[in-house]
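Start from chain H and add chain S according to the hints.
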Amino acid sequence: MENTCGATHSEREDAPPRLEMEREGETLWLRITGEWRRGFRLPPAGAVERELRSIPEASRLAYDTGGLTGWDSLLLTFLLEVDARCAERGIQVETGSLPAGVRRLLALAEAVPEKKEMRREGRRPPFLVRLGGKTLSLADSTTGTLAFMGETFLSVSRLVTGKAKFRGSDLLLYLQESGARALPIITLISLLVGLILAFMGAVQLRVFGAQIYIANLVGLGMARDMAAMMTAIIMAGRTGAAYAAQLGAMQGNDEIDAFRTLGISPVDYLVLPRLIALTLMVPLLTVYADLMGIVGGAVVGVAVFDITPIQYLVQTRESVALAHFGVGLTKSVVYGGIVAFSGCLRGMLCGRSASDVGAATTSAVVTAIVWIIVACAILTVMFHILGI
Amino acid sequence: MNAEKFPSEPPITVRNLTMAYGETIVQRDIDFTVNRGDIFIIMGASGSGKSTLLRHLVGLRAPVHGQILYYGTDFWGSDEGERNRIRRDCGVLYQSGALWSSMTLAENVALPLRVHTELPPDRIREIMALKLALVGLSGFEDYYPAELSGGMRKRAGLARAMALDPEILFFDEPSSGLDPVSAQLLDELILELRDSLSATVVVVTHELASIFAIGTDSIFLDADSRTMIARGDPKELLRSSEDPRVRRFLTRGQEAA
Numbered sequence: 000m001e002n003t004c005g006a007t008h009s010e011r012e013d014a015p016p017r018l019e020m021e022r023e024g025e026t027l028w029l030r031i032t033g034e035w036r037r038g039f040r041l042p043p044a045g046a047v048e049r050e051l052r053s054i055p056e057a058s059r060l061a062y063d064t065g066g067l068t069g070w071d072s073l074l075l076t077f078l079l080e081v082d083a084r085c086a087e088r089g090i091q092v093e094t095g096s097l098p099a100g101v102r103r104l105l106a107l108a109e110a111v112p113e114k115k116e117m118r119r120e121g122r123r124p125p126f127l128v129r130l131g132g133k134t135l136s137l138a139d140s141t142t143g144t145l146a147f148m149g150e151t152f153l154s155v156s157r158l159v160t161g162k163a164k165f166r167g168s169d170l171l172l173y174l175q176e177s178g179a180r181a182l183p184i185i186t187l188i189s190l191l192v193g194l195i196l197a198f199m200g201a202v203q204l205r206v207f208g209a210q211i212y213i214a215n216l217v218g219l220g221m222a223r224d225m226a227a228m229m230t231a232i233i234m235a236g237r238t239g240a241a242y243a244a245q246l247g248a249m250q251g252n253d254e255i256d257a258f259r260t261l262g263i264s265p266v267d268y269l270v271l272p273r274l275i276a277l278t279l280m281v282p283l284l285t286v287y288a289d290l291m292g293i294v295g296g297a298v299v300g301v302a303v304f305d306i307t308p309i310q311y312l313v314q315t316r317e318s319v320a321l322a323h324f325g326v327g328l329t330k331s332v333v334y335g336g337i338v339a340f341s342g343c344l345r346g347m348l349c350g351r352s353a354s355d356v357g358a359a360t361t362s363a364v365v366t367a368i369v370w371i372i373v374a375c376a377i378l379t380v381m382f383h384i385l386g387i
Numbered sequence: 000m001n002a003e004k005f006p007s008e009p010p011i012t013v014r015n016l017t018m019a020y021g022e023t024i025v026q027r028d029i030d031f032t033v034n035r036g037d038i039f040i041i042m043g044a045s046g047s048g049k050s051t052l053l054r055h056l057v058g059l060r061a062p063v064h065g066q067i068l069y070y071g072t073d074f075w076g077s078d079e080g081e082r083n084r085i086r087r088d089c090g091v092l093y094q095s096g097a098l099w100s101s102m103t104l105a106e107n108v109a110l111p112l113r114v115h116t117e118l119p120p121d122r123i124r125e126i127m128a129l130k131l132a133l134v135g136l137s138g139f140e141d142y143y144p145a146e147l148s149g150g151m152r153k154r155a156g157l158a159r160a161m162a163l164d165p166e167i168l169f170f171d172e173p174s175s176g177l178d179p180v181s182a183q184l185l186d187e188l189i190l191e192l193r194d195s196l197s198a199t200v201v202v203v204t205h206e207l208a209s210i211f212a213i214g215t216d217s218i219f220l221d222a223d224s225r226t227m228i229a230r231g232d233p234k235e236l237l238r239s240s241e242d243p244r245v246r247r248f249l250t251r252g253q254e255a256a
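Chains as they are written, first to last, in numbering that gives the first Met the number 0: chain H, 0 to 387; chain S, 0 to 256.
Hints in this document: simulated from the structure, not taken from any laboratory.
Below, computed lysine to any residue pairings styled on SDA-like, alpha-carbon distance capped at 20 Å:
{"id": "1", "chain 1": "H", "residue 1": "K162", "chain 2": "S", "residue 2": "R84"}
{"id": "2", "chain 1": "S", "residue 1": "K234", "chain 2": "S", "residue 2": "T250"}
{"id": "3", "chain 1": "H", "residue 1": "K164", "chain 2": "H", "residue 2": "Y268"}
{"id": "4", "chain 1": "H", "residue 1": "K164", "chain 2": "S", "residue 2": "M102"}
{"id": "5", "chain 1": "H", "residue 1": "K114", "chain 2": "H", "residue 2": "A83"}
{"id": "6", "chain 1": "H", "residue 1": "K162", "chain 2": "S", "residue 2": "E79"}
{"id": "7", "chain 1": "H", "residue 1": "K115", "chain 2": "S", "residue 2": "D223"}
{"id": "8", "chain 1": "S", "residue 1": "K234", "chain 2": "S", "residue 2": "A208"}
{"id": "9", "chain 1": "H", "residue 1": "K133", "chain 2": "S", "residue 2": "E22"}
{"id": "10", "chain 1": "H", "residue 1": "K162", "chain 2": "S", "residue 2": "D78"}
{"id": "11", "chain 1": "H", "residue 1": "K162", "chain 2": "S", "residue 2": "E81"}
{"id": "12", "chain 1": "H", "residue 1": "K164", "chain 2": "S", "residue 2": "R84"}
{"id": "13", "chain 1": "H", "residue 1": "K164", "chain 2": "H", "residue 2": "R259"}
{"id": "14", "chain 1": "H", "residue 1": "K164", "chain 2": "S", "residue 2": "R82"}
{"id": "15", "chain 1": "H", "residue 1": "K115", "chain 2": "H", "residue 2": "E80"}
{"id": "16", "chain 1": "S", "residue 1": "K234", "chain 2": "S", "residue 2": "Q183"}
{"id": "17", "chain 1": "H", "residue 1": "K164", "chain 2": "S", "residue 2": "T103"}
{"id": "18", "chain 1": "H", "residue 1": "K114", "chain 2": "S", "residue 2": "D221"}
{"id": "19", "chain 1": "S", "residue 1": "K234", "chain 2": "S", "residue 2": "L190"}
{"id": "20", "chain 1": "S", "residue 1": "K234", "chain 2": "S", "residue 2": "F211"}
{"id": "21", "chain 1": "H", "residue 1": "K114", "chain 2": "S", "residue 2": "A44"}
{"id": "22", "chain 1": "H", "residue 1": "K164", "chain 2": "S", "residue 2": "R113"}
{"id": "23", "chain 1": "H", "residue 1": "K162", "chain 2": "S", "residue 2": "P119"}
{"id": "24", "chain 1": "H", "residue 1": "K115", "chain 2": "H", "residue 2": "E87"}
Chain S side only, calculated, beta carbon under 8 Å to chain H, not exhaustive:
{"id": "25", "residue": "S100"}
{"id": "26", "residue": "V114"}
{"id": "27", "residue": "H115"}
Which stretches of chain H does chain S cover? Using the computed rule of at least three CB atoms under 8 Å from a CB of chain S, they are:
{"id": "28", "region": "249-255"}
{"id": "29", "region": "259-272"}
Glycine included, every Cβ here is placed at the ideal spot set by N, Cα and C.
Bound conformation, chain H alone:
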């Protein structure tokens, strides 16, 4: 943008910036005229250096600003550049004739010498240094995670012995937020998942004229795995992320420190009610999602594949035993714990800036989903071995 502006401005009549150089004995005169402002193309300071190089006997540089009509920071950057190049060559710079404002700003800019030791290395640190840094920060975050796990465990044991204190109204609020308020989206997603399962299976089953087995496929799929997993993933994105953001923002406002300095455990007060809310609500939502998924499958079966509603219902009841719901429910309890734990973990370990809160939120969702899948795999193998 700067460039296009420059082009239009330069075409204007009012005096463009000009630099003339003139030798007078040992002095090099710089005649600065016109508008030295943003939007004009400025003469480069390199030209001055070239001129200085061509006259080795020069020992002094002076300005003539009689024709200068306007200036801003650009003039200052030019002058500082010239100053620096003159300093390198041991040439004395005469600033007396510059406008008073320019002189004062130059003096201000040069008043505090650059702190060279504070300058960050622009170069990327070598590979081993970066690897070491990453390893150390991984070790740090593992320590943090373990410490938080320990604190949460202590807090849960205090809950079991009835010593943990938190506000009942908080718990009710979280129950409502993660329960009733999540119903619409759970309804939508599980209906669609049931629908998709039915279509997926039907394409194959129809070849054998076995459409009726859509009911088995949808019923078992929802009850054992899909309902619990979809619910958990939705809750990770919806509630786990919210927990991380809430706790992260509290961290930035010293609210968590305020708990600690009052001798109140922030884990009891902030984490425990959230953990309880999700471990209670995710299973309940899963039951609801089971039902919605089966309804979704039934819609497809009845509308597209000529199964009567009664047939579908009977087939579902015959194929899905209570044990299958038990498997799904067990998984959902674990998922609920994982979602709440990851959200609170990322929130409690969050840094103090706004971007830290964003990172904590993202990380809460990613952590939760990864662990949900891992837990699902482990539990599936376990149930298989147990023969359930």
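Here is chain S on its own, set in the frame of chain H:
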């Protein structure tokens, strides 16, 4: 409570304290004692580690080296139960107030009482109303922190810090972000609380007006040498300190170093 057990011990003793973030040393060799009834000022330029020192004093960060003693008890040498008991005797007013944003003022002030005392709800409500009245916020019980101005939030934070009648009150930059009149009122409130509750007060600040108005003792942290370079009554320091860095700070740069 502690005071009765160890009447002769000073409220806070800091011995040979070194503070660091990772490998960056913030301050080293900090040594001072805060006596009962003092208004102890921790002063220094921005970035000198004043707030870090406060975080160490209130038990949020562990020192790399050295000890912090409350009434003769080594804070970091104690177990968690003892530490929490010490924490209960300390009230902290954070820079931003740090009120719990999901609770009303009444709930904010009442929470420490509900957790740490067995008082019936009625008594807690009375105490809460009293504390809010002391800081001039009667009638704002049911407001949420976000609905208040910065100065009011600070005063509400003070009411919460005083909820458990602490023996030591910590203030982190109490006058920052306040207009001169509110800042002065807060100073008067601090003096009043010290006198009436016979509390000990530790203030982190760089406001010269406050420093001279309320300080009875102080330390000066220097950012470059990373240690304390002066100690004593700030008014006395202004009169007789020889150190150019301290003079420059206390005279607002009038006497250049």
